[in-house]
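Since the structure of chain F is provided, determine the placement of chain A on it from the hints.
Just so you know, the sequences run in chain order F and A.
So the first sequence is numbered by the working numbering: it starts at 1 and just counts up by one.
So the second sequence is numbered by the working numbering: it starts at 1 and just counts up by one.
Hint data in this document are derived by calculation from the structure and do not stem from the laboratory.
Here the structure is a predicted model, which means the values were calculated and not measured.
Honestly, I wouldn't trust all of these hints.
[Unchecked claim] Computed list of lysine-lysine pairs in DSSO-like fashion (alpha-carbon distance at most 27 angstroms, straight line):
#, chain 1, residue 1, chain 2, residue 2
1, A, 255, F, 71
2, F, 273, F, 193
3, F, 264, A, 71
4, F, 71, A, 264
5, F, 360, F, 264
6, A, 71, F, 255
Okay, here's what each chain looks like letter by letter:
Protein chains: 2
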Amino acid sequence: MRDVAIIGIGMMKWGELWEKSIRDLCVEAALNCLDDAGIDRVDAIAIGSMSSGIFTGQEHLASLVPDYLGKRHTPATRVESACASGGLAVRTAFLEVASGVSDYALAIGVEKMTDVSGGGATYGLATAADQEYEAFHGVTFPGLYAMMANAHMDRYGTTREQLADVAVKNHKNGAKNPHAQYPFEVTREQVMKSVMIADPLRLFDCSPITDGAAAVLLAPLAEAKKLGKHAPVTIIGVGNATDAIALSQRPDMLKLEAVTHATKRALDMAGKKIEDVDFAEVHDCFTIAEILVMEAMGVVDAGKGGPATSDGYTAIDGKFPINPSGGLKAKGHPVGATGVAQVCETVAQLRGEAGARQIKGAKVGLTQNMGGSGGSCVVHVLEVK
Amino acid sequence: MRDVAIIGIGMMKWGELWEKSIRDLCVEAALNCLDDAGIDRVDAIAIGSMSSGIFTGQEHLASLVPDYLGKRHTPATRVESACASGGLAVRTAFLEVASGVSDYALAIGVEKMTDVSGGGATYGLATAADQEYEAFHGVTFPGLYAMMANAHMDRYGTTREQLADVAVKNHKNGAKNPHAQYPFEVTREQVMKSVMIADPLRLFDCSPITDGAAAVLLAPLAEAKKLGKHAPVTIIGVGNATDAIALSQRPDMLKLEAVTHATKRALDMAGKKIEDVDFAEVHDCFTIAEILVMEAMGVVDAGKGGPATSDGYTAIDGKFPINPSGGLKAKGHPVGATGVAQVCETVAQLRGEAGARQIKGAKVGLTQNMGGSGGSCVVHVLEVK
Numbered sequence: 001m002r003d004v005a006i007i008g009i010g011m012m013k014w015g016e017l018w019e020k021s022i023r024d025l026c027v028e029a030a031l032n033c034l035d036d037a038g039i040d041r042v043d044a045i046a047i048g049s050m051s052s053g054i055f056t057g058q059e060h061l062a063s064l065v066p067d068y069l070g071k072r073h074t075p076a077t078r079v080e081s082a083c084a085s086g087g088l089a090v091r092t093a094f095l096e097v098a099s100g101v102s103d104y105a106l107a108i109g110v111e112k113m114t115d116v117s118g119g120g121a122t123y124g125l126a127t128a129a130d131q132e133y134e135a136f137h138g139v140t141f142p143g144l145y146a147m148m149a150n151a152h153m154d155r156y157g158t159t160r161e162q163l164a165d166v167a168v169k170n171h172k173n174g175a176k177n178p179h180a181q182y183p184f185e186v187t188r189e190q191v192m193k194s195v196m197i198a199d200p201l202r203l204f205d206c207s208p209i210t211d212g213a214a215a216v217l218l219a220p221l222a223e224a225k226k227l228g229k230h231a232p233v234t235i236i237g238v239g240n241a242t243d244a245i246a247l248s249q250r251p252d253m254l255k256l257e258a259v260t261h262a263t264k265r266a267l268d269m270a271g272k273k274i275e276d277v278d279f280a281e282v283h284d285c286f287t288i289a290e291i292l293v294m295e296a297m298g299v300v301d302a303g304k305g306g307p308a309t310s311d312g313y314t315a316i317d318g319k320f321p322i323n324p325s326g327g328l329k330a331k332g333h334p335v336g337a338t339g340v341a342q343v344c345e346t347v348a349q350l351r352g353e354a355g356a357r358q359i360k361g362a363k364v365g366l367t368q369n370m371g372g373s374g375g376s377c378v379v380h381v382l383e384v385k
Numbered sequence: 001m002r003d004v005a006i007i008g009i010g011m012m013k014w015g016e017l018w019e020k021s022i023r024d025l026c027v028e029a030a031l032n033c034l035d036d037a038g039i040d041r042v043d044a045i046a047i048g049s050m051s052s053g054i055f056t057g058q059e060h061l062a063s064l065v066p067d068y069l070g071k072r073h074t075p076a077t078r079v080e081s082a083c084a085s086g087g088l089a090v091r092t093a094f095l096e097v098a099s100g101v102s103d104y105a106l107a108i109g110v111e112k113m114t115d116v117s118g119g120g121a122t123y124g125l126a127t128a129a130d131q132e133y134e135a136f137h138g139v140t141f142p143g144l145y146a147m148m149a150n151a152h153m154d155r156y157g158t159t160r161e162q163l164a165d166v167a168v169k170n171h172k173n174g175a176k177n178p179h180a181q182y183p184f185e186v187t188r189e190q191v192m193k194s195v196m197i198a199d200p201l202r203l204f205d206c207s208p209i210t211d212g213a214a215a216v217l218l219a220p221l222a223e224a225k226k227l228g229k230h231a232p233v234t235i236i237g238v239g240n241a242t243d244a245i246a247l248s249q250r251p252d253m254l255k256l257e258a259v260t261h262a263t264k265r266a267l268d269m270a271g272k273k274i275e276d277v278d279f280a281e282v283h284d285c286f287t288i289a290e291i292l293v294m295e296a297m298g299v300v301d302a303g304k305g306g307p308a309t310s311d312g313y314t315a316i317d318g319k320f321p322i323n324p325s326g327g328l329k330a331k332g333h334p335v336g337a338t339g340v341a342q343v344c345e346t347v348a349q350l351r352g353e354a355g356a357r358q359i360k361g362a363k364v365g366l367t368q369n370m371g372g373s374g375g376s377c378v379v380h381v382l383e384v385k
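Extracted from the complex, chain F is given alone in its bound form:
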């Protein structure tokens, strides 16, 4: 297996982008990525999108994207694992390069969600749940995560304030991210007084509905070292794991086993322990999700995610910074793009190019991207030397 590095990252301003179609989003992020890499060679493309079919009536992005990127004939694959589709795109590009099948592989994540007709974004998102045993009966994702939040509060004493503090921290970071959909700070009181969505989760506990894309360019490490424009960031660990799709079918609804397995696989491949990781971008689709993920990854013990957040353990200047980008909460959550954007942020941090939100001296970063209520998870461990 060849060593693989990331040689280019491409973000764009996320938000309600009614003037840009899904093809425009992909092309803008991809061109930003190729500009950043300083080269224009693409041997293969992996596109992560959760449901371009339902959201925009456009499947077959594997044909559309190379076409509109001016790369006709280029091999392309669209991958999907609900909200983990972006992480899966990076992993698929990794397989292209690691195997030797392709040298320069572009991973793009995209979702166009804000001008959906018919059942709308909530219907589309619910297709990530078990259609026959969850979605059909009316449960939505805020409802599923609300059940997990209530159970966590009941078992561990996690407080409403601790949930709010996840949003406060992530918005504080996101306020310094020019690509974020909501680049402003919020107070604990604002979160706790925002409109109720699914008790105990309020509007500011939820990541937003977003249009956006992100892209990264991968190459063999040996090639990356010759380019010289940026310090190559090596993908030293890749982990992918799944779990029961329906929350009701798991032995313990507060244990995200897919996250635990994917993290362990990625760290084992990297030859690292969680203590060796300097920071992480994680999947805070709801405030409770960040707490559950911290615990499942072993950053803190089960039940300790809430207090750790309120104590500043995961702040940018804390012991284990989480979501320096602002996370899904502040940056936005175009579902298929999120996993790729996490890698963009991690590379920017490892290069020392993260500006006002830079984590000092970070050498090893981890990205954790999750599908549904935890039915799938993709983790990457990245290192700069």
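Quick look at chain A alone, frame taken from chain F:
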């Protein structure tokens, strides 16, 4: 890159399977495959489905399928490239094994299309076209292929009878395939008198709407040789290519450039020429498609596909047999499953297990799976020693 072999194949009876949900289809084909392989180890799963979201309201098959297969925690990826999604699943499983990331990789293709509400199967299928410049304006796939058929008849003198002969040949083969949706013969007259769909294409020029799944198990060739149950069939060539998604944006609407490029890439990797191939399973979504594909692959010169078909060149006992399985036309076309089923048939032929439709002495077979009107294509070259 490691050499990769196919060690198990799993088909099932295709048709209007209203009593089976999409999860049932995946599990049935996968268990048939593991039974055939004689082992129960799966390190990674790649699932090809074009639009489970639109057709069944169920995305996130990457979580659902390992869950219902009794393989929780197994890494999984759903891939999509419209009707080439199945071929892409096999290619993705190939990358898993070739890279060394996984040893035993299961590729499953699936589509559940016959009990769709709302816009129905025609709406779902049209998402493989350019939504903004084709589908939005009302064009359907029968319409696109009808334009190609008219242009081919005009430029090369291809006749209505020659188109019908593609269906006659494929139904003759399909009549011997117990898994086929329509295992019966048809006459040239029946095809030419069937109801008009999009002039000149009639009902029997079109592949049907189908529920079904197929699966193959891949492993390193070195491992496969130790198993001993079947002669290992090696994947000696893999080719993936794309083209403009919209028919109107191609320099020549009768040249399927994605097919030409994918075939060349696969043959180059295999160190073979098309003359070295003993037979092929190709993407006859419409009768004209098989003719265009034969020409794009270089089996015959441009314009000669029609006469070659009527002359028996592509019959099971012809010089270059095409679609011994009955093709999409007779076997059915659950879009995401088709590319995997093509590989199942090719392996069965190379093992000498194809029964009444066996091609004598076949050692090298090729599969060609296409998305949309030719916007993407995946080709595999398989060999038995």
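Which numbered hints fail: 2
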